[in-house]
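> This is what each chain is made of:
Number of protein chains: 2
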Amino acid sequence: MDIISPSDTDAPLTAEQLDLMQGWWRAANYLAVGQIYLLDNPLLREPLTRAHVKPRLLGHFGTTPGLNFIYLHLNRVIKAYGLDILFIAGPGHGAPGVVACTWLEGTYSELYPDISRDEEGMRRLFRQFSFPGGIPSHAAPETPGSIHEGGELGYSLSHAYGAALDNPELIVACVVGDGEAETGALATSWHCNKFLNPVTDGAVLPILHLNGWKIANPTVLARIPHEALDDLLRGYGYAPIFVEGDDPMKMHQAMAAAMDAAIAAIEAIRHAARGEGGPTSTAAAWPMIVLRSPKGWTCPEFVDGLRTEGTWRSHQVPIPETTTPAHVALLEQWMRSYRPEELFDADGRLRPQFASLAPAGRARMSANPHANGGVIRRPLRMPDFREYAVAVPAPGQVEAEATRVLGGFLRDILRANESTRNFRIVGPDETASNRLGAVLEATDRAWDAETRDGDDHLAPDGRVMEMLSEHTCQGWLEGYLLTGRHGLFSCYEAFIHIIDSMFNQHAKWLKTSRAVPWRQPIASLNYLLTSHVWRQDHNGFSHQDPGFIDHVANKKADTVRVYLPPDANTLLWVADHCLRSWDRINVIVAGKQPEAQWLDMDAAIAHCSQGVGIWGWASNDRDGEPDVVMACAGDVPTLETLAAVDLLRRQMPELKVRVVNVVDLMTLQPKSAHPHGLSDADFDTMFTTDKPVIFAYHGYPWLIHRLVYRRANHDNFHVRGYQEEGSTTTPFDMVVRNRLDRFHLVGDVISFVPGLGARAAYAKQAIRDKLVQHEQYITRHGIDMPEILDWRWPADEVSAGEPSS
Amino acid sequence: MDIISPSDTDAPLTAEQLDLMQGWWRAANYLAVGQIYLLDNPLLREPLTRAHVKPRLLGHFGTTPGLNFIYLHLNRVIKAYGLDILFIAGPGHGAPGVVACTWLEGTYSELYPDISRDEEGMRRLFRQFSFPGGIPSHAAPETPGSIHEGGELGYSLSHAYGAALDNPELIVACVVGDGEAETGALATSWHCNKFLNPVTDGAVLPILHLNGWKIANPTVLARIPHEALDDLLRGYGYAPIFVEGDDPMKMHQAMAAAMDAAIAAIEAIRHAARGEGGPTSTAAAWPMIVLRSPKGWTCPEFVDGLRTEGTWRSHQVPIPETTTPAHVALLEQWMRSYRPEELFDADGRLRPQFASLAPAGRARMSANPHANGGVIRRPLRMPDFREYAVAVPAPGQVEAEATRVLGGFLRDILRANESTRNFRIVGPDETASNRLGAVLEATDRAWDAETRDGDDHLAPDGRVMEMLSEHTCQGWLEGYLLTGRHGLFSCYEAFIHIIDSMFNQHAKWLKTSRAVPWRQPIASLNYLLTSHVWRQDHNGFSHQDPGFIDHVANKKADTVRVYLPPDANTLLWVADHCLRSWDRINVIVAGKQPEAQWLDMDAAIAHCSQGVGIWGWASNDRDGEPDVVMACAGDVPTLETLAAVDLLRRQMPELKVRVVNVVDLMTLQPKSAHPHGLSDADFDTMFTTDKPVIFAYHGYPWLIHRLVYRRANHDNFHVRGYQEEGSTTTPFDMVVRNRLDRFHLVGDVISFVPGLGARAAYAKQAIRDKLVQHEQYITRHGIDMPEILDWRWPADEVSAGEPSS
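Residue numbers (the numbering used here), protein chains in the order written: chain H, 1 to 805; chain P, 1 to 805.
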């Protein structure tokens, strides 16, 4: 193993370089302490008093000196070798360090001119940190050069790999905190190196920062034997270089040597892979650096008699109280230990000999355009989705598998953007299962580990990314989008909950980014949720959960969209729409099974453009008010609704039924709550103000109530949906168990439409008989009754219909 | 490294043993194929026809032979060494194998007498699998001996460690699938061995099953160099024993040798740790087994000319179609290859020479009482929670930190149950941060890795489990509860979303378990969510998300409870109540900051027993109907509501205000929807049927609308809550940004109570002025205005109050 430690390293830095680098590091650390503590007196021109100190001390120093140290050494190799490096700070609460570095190299002041590079700017820099109206304590959307929020831990490395994909000249330097390394998402993302192609992708340089402590506990990776850690990282497929110690001057030499070695190793891998001979058959282990340095490095060794530097006590604010003069004096002593007068000139500007250590212009990590992906994003080249349309001569007369149709469209998107390589599909081993297999005609599955005969479409430069880790898929896609590219996440509906919290963080990132003027819009994050709750015939109860929609709907209205296309042509429209959009999170729920098709492409376009509409061809109320509105959202609910309407028409032809289908769920909300919301007038026209609305919904029924509770007719909405009943059973039994089936829907009509008289009682009995018959049939035969399987929307009713409005 | 492979192993099995074991394995595999395929003709007494085959083929054969192989070999060591082994099948869809094994050893028929140990029982066994009214395709609550659903992958190993805790004689054999191993939750849970004490805890024997394929992709761990895999597992702290091959007879010998070696290693570690000399200082690496065997082992080598055994094509149903006679013949040939006539007697019963391989009675893994934790669960010994009460001489006159008070109660629960060691607290490094530090007076943090001077309360037998992995915390606790113990998960509110999907699966497990007659109730899973959305002063926007409540509320009403105690004494009542409950998931949201206390213990008991109530002491409507109801749920909303009421009383003393506080959120739902729901009569009495209700709620406001939409007065509910606005700012600014503050609440009263006249206009202007003043103050000073910080519920109003009803 390579341990580059103070005793055995050669010394790549000259004495002068060393001195300058130590100065730059002192400056960055000084600025970090200032941000955590000071309201005023930034250059310590006068003795520090309580009045100069913030009344509430918020922030985290523990990780900061290490981040500054790494940043500085990355700057050295950028300049020395002319590298293009993107920086990701994984450890939580690293903002005091990252912001300090970006201010030192000037980017911060370029983007925020009021935080100028002078004493007043420094004062403001200090004051704004974790202060009302200021900036948060994590590297965040506000932070120049950041694509990663350090708030919720675990996603740095998958973000890094996502950013590196299809950026062959880029190196993504990713600092992984040892706290963060304990999370599941991080633990599995080390394996991303099996999905990175050294020819067409960039490199990731992980820097595992062992500072040894979390809030109150030691970290696991800092407390296993050195040999075990080395084994572990080699087992993940890396060649670790260890830099360990606490003497800054010796550590600079060791870190410089480690950086040189890592960059050389990356270059060697690239050279071997991209040489004339083509890629080498056995992938070499990628380099990584392990930096073991004291937590709170350079902070007071003891505070109130308790050891602080190098322990968990330096995790947040090393001097936690500054209410006594002694504490204020200790803070001043600490800050003066960096000797700011040597570092900053009389105007508070970093002296030029130190400033010259940073790269210039776009070579600065804080100004790397990949970190503001919107500026380099190119719109996808999109084939015409109409060309993939399923021919639907009349509603309900043909069947198709919606996701399989979509697969053809996605295949051609991959082809159309092959030269720019800016579109990827991610998913946990489900591309084939979700019937998107056509995409493998255009590309392969990314795979850079061992291969065998019989492998199906694996290749290092594949652009379908499949790992059985929803976290990694999400992290890849986020990293890819944030650096200006496009993509789609295809997932089993139930298991998308695995990344609920990652979705949260991305939604928050997008919301905050909108308020950051220099951030340009990025492509939307698109989810295709299929293998959904109603068709888990193989998998049963554990695979049934439509609640991601509810989770999404809690986020800011200008960020989220939810689409439930009822068939293949509507799915094509929705996918096209989502892939052209930006700064959104789009959730598309669609089935993969053979299902009846309702709308031809023209009708699909008209319907989806509105997001919700009356299906006139399925309604018989065209000359006036309906007796009942049958609403539906989702493929299976749409089928059951239409089957119920068919029953009603046969049994009660005099009943006036209006069918409303909802594709864009957010149309149901008031316009004041969501930009896609229908106006109250349009809503009332469509759903009436006083007639019963029997609503068959794909997910948990109460979401519909939540969305429409301010609408005039709300009290007449009766919603059926998933009620958390399920098993491995037949498709129709699933809807029966949750009372979403055609018979229960007819029953609801009978219950809520007044004045149906004796026929209602008769029909109710007929429904009960049907349900008993169903139960007996499936228990005997294991499949649904022929009358269910064979039901089709009657062609004669179609001819009596009219186009959807 | 130890590779016990066919060529170099000694042969622990005699020829006779080998023959019998191979027979048992054939029987288990036969039964697995039968479950996937057959409706009838279970013993193949007549030639197989299409009519004998299920019309829909659902199930997964790929992993099954490996599971059967492992199960068999575990049975051997149970008998040979008299071991107590609990079996966990991590790979998805393992039920055909696990169910086959449990039927072979008799437990299945004991628990389900209609699935008898004879030909008719076998016919039913086959038929019920993945059949309507039957059993699911995963090891599930219905499966004897299972504490783990194989549906959503990744949780087997943390479940295993949770089960092993405080069971010093137990070995938990945990099969980890190589697909599952790619998930984040699984990847980090290998490190659980640093939290296991060889003295007071049992052992976990991980068996990594490399069958090489997922649905359509190879698995990562099967495609890295052997040496890298060995490194990785050693890096995790294990000593792996490799068993690799495909010749069953040789593999039996290799597996037997591996099992012997693993058991010997476990015994050696136990002996060293438990010997007279006390635990050894350096923990030895725990053994584990890596079984590399073909996917779909023993299924047809080719189907329709495509290689099936040993490839992804055997993942589900190796012969996917049985519509042609040739396919039916191939199936028959496959099934006959197991030679059932040698294995089962004329009655369809496993012949005694094979049956004798299984252990008897409770030694059978399928009958291990730990797997039906309810039968060994003892109620916690609970100190009297009233003894921890905060003295509250009058509402709002003293402050306390609710979670710190709870910490004292939890400390004494730990002490009271010290001898039985059946209570643990888990959390991601937040026990101290969440101010539960008192528990460390009674125990330590579990830690079995390296220690250093300055470590805080680390010990191998600690009963507070802290790892920065919410997944692992959740998995530990589930495993612990499912094996009959008790616990609490303390977590930052926002980050509990990390385990949304694990919560889903546990809720589904509990729901299904209730319908399994032999399953006894287990202790509830209790969440304490603190460091909540309103008090993320350090952490800002990324740490703000109260949506777990919404997620929970989607699950079955008889499973979930949500409590929002407004102060310390109510928190004590709620915690006591939850820790005594069973088969529930209880979510408790409570603050950790110093906050006003409202109820003395008697009032807290009265209030919490109802779950919701009018606070008479804060209301002035006692002689009639109120003009407005001010409702609140959560500590911060309660504070703001009372401050608003104080303002209203001063400004508009004639306004009749009723204050309602909600502790148990589910009381808001109709009784038909949730057992805790108020009757409509009680609800209407409390909330009126026609007066405005200004509801200040802890979370996303629409949840309240969802819960009350069927109530008579719903249209008059105006709910304030978290609107996804936040940053690192002051506590009061957080409520202002989301319009939950006292001024906006007063504004709502003015807007919705009719007839307030000119005073209303004046008050509205005063509110606007206040909000401007607030904004200016915090921007200047960085802290909230004195009038906010110093506000107290006025003592004179208290004296005019009356006890809460």
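Incorrect hints may appear among the rest.
No more than 30 Å apart at the CA atoms, straight line, and that leaves these computed lysine-lysine pairs for DSSO-like [as the list claims (entries may be wrong)]:
#1 Lys764/H <-> Lys764/P
#2 Lys511/H <-> Lys691/P
#3 Lys691/P <-> Lys671/P
#4 Lys79/H <-> Lys250/H
#5 Lys764/H <-> Lys770/P
#6 Lys556/H <-> Lys79/P
Computed footprint of chain P on chain H; a stretch qualifies when at least three of its residues, placed anywhere within it, have a C-beta under 8 Å from a C-beta of chain P [stated by the list, open to error]:
#7 386 to 396
#8 589 to 598
Keep in mind the hints are simulated off the structure, nothing from the lab. Fair warning: this is a prediction, and the values are worked out from it, not measured in the lab. Glycine included, every Cβ here is placed at the ideal spot set by N, Cα and C.
> Would you mind confirming whether the straight-line C-alpha gap from Lys764/H to Lys770/P stays at or under 30 Å?
Violated - the C-alpha atoms of Lys770/P and Lys764/H are around 61 Å apart, more than 30 Å.
> Is Lys79/H within 30 Å of Lys250/H, Cα to Cα?
holds, 21 Å
> Check, residue by residue, whether the stretch 589 to 598 of chain H contains three or more positions whose beta-carbon lies closer than 8 Å to a beta-carbon of chain P, and give the verdict.
violated (count 0)
> Using C-beta distances, would you say chain P covers the stretch 386 to 396 of chain H, given that this needs three or more residues below 8 Å?
violated (count 0)
> For the pair we were handed, Lys556/H and Lys79/P, check the Cα-Cα distance against 30 Å.
violated, 60 Å
> Given the hint that Lys764/H pairs with Lys764/P, test it: the Cα-Cα distance must not exceed 30 Å.
violated, 55 Å
> Is the straight-line distance between the alpha-carbon of Lys691/P and that of Lys671/P 30 Å or less?
The given pair, whose Cα atoms are some 22 Å apart, holds under the 30 Å limit.
> Taken at face value, is the distance from the CA of Lys691/P to the CA of Lys511/H at most 30 Å?
Not satisfied, since the Cα-Cα distance of roughly 36 Å exceeds 30 Å.
Going through the hint list in order, the structure does not satisfy hints 1, 2, 5, 6, 7 and 8.
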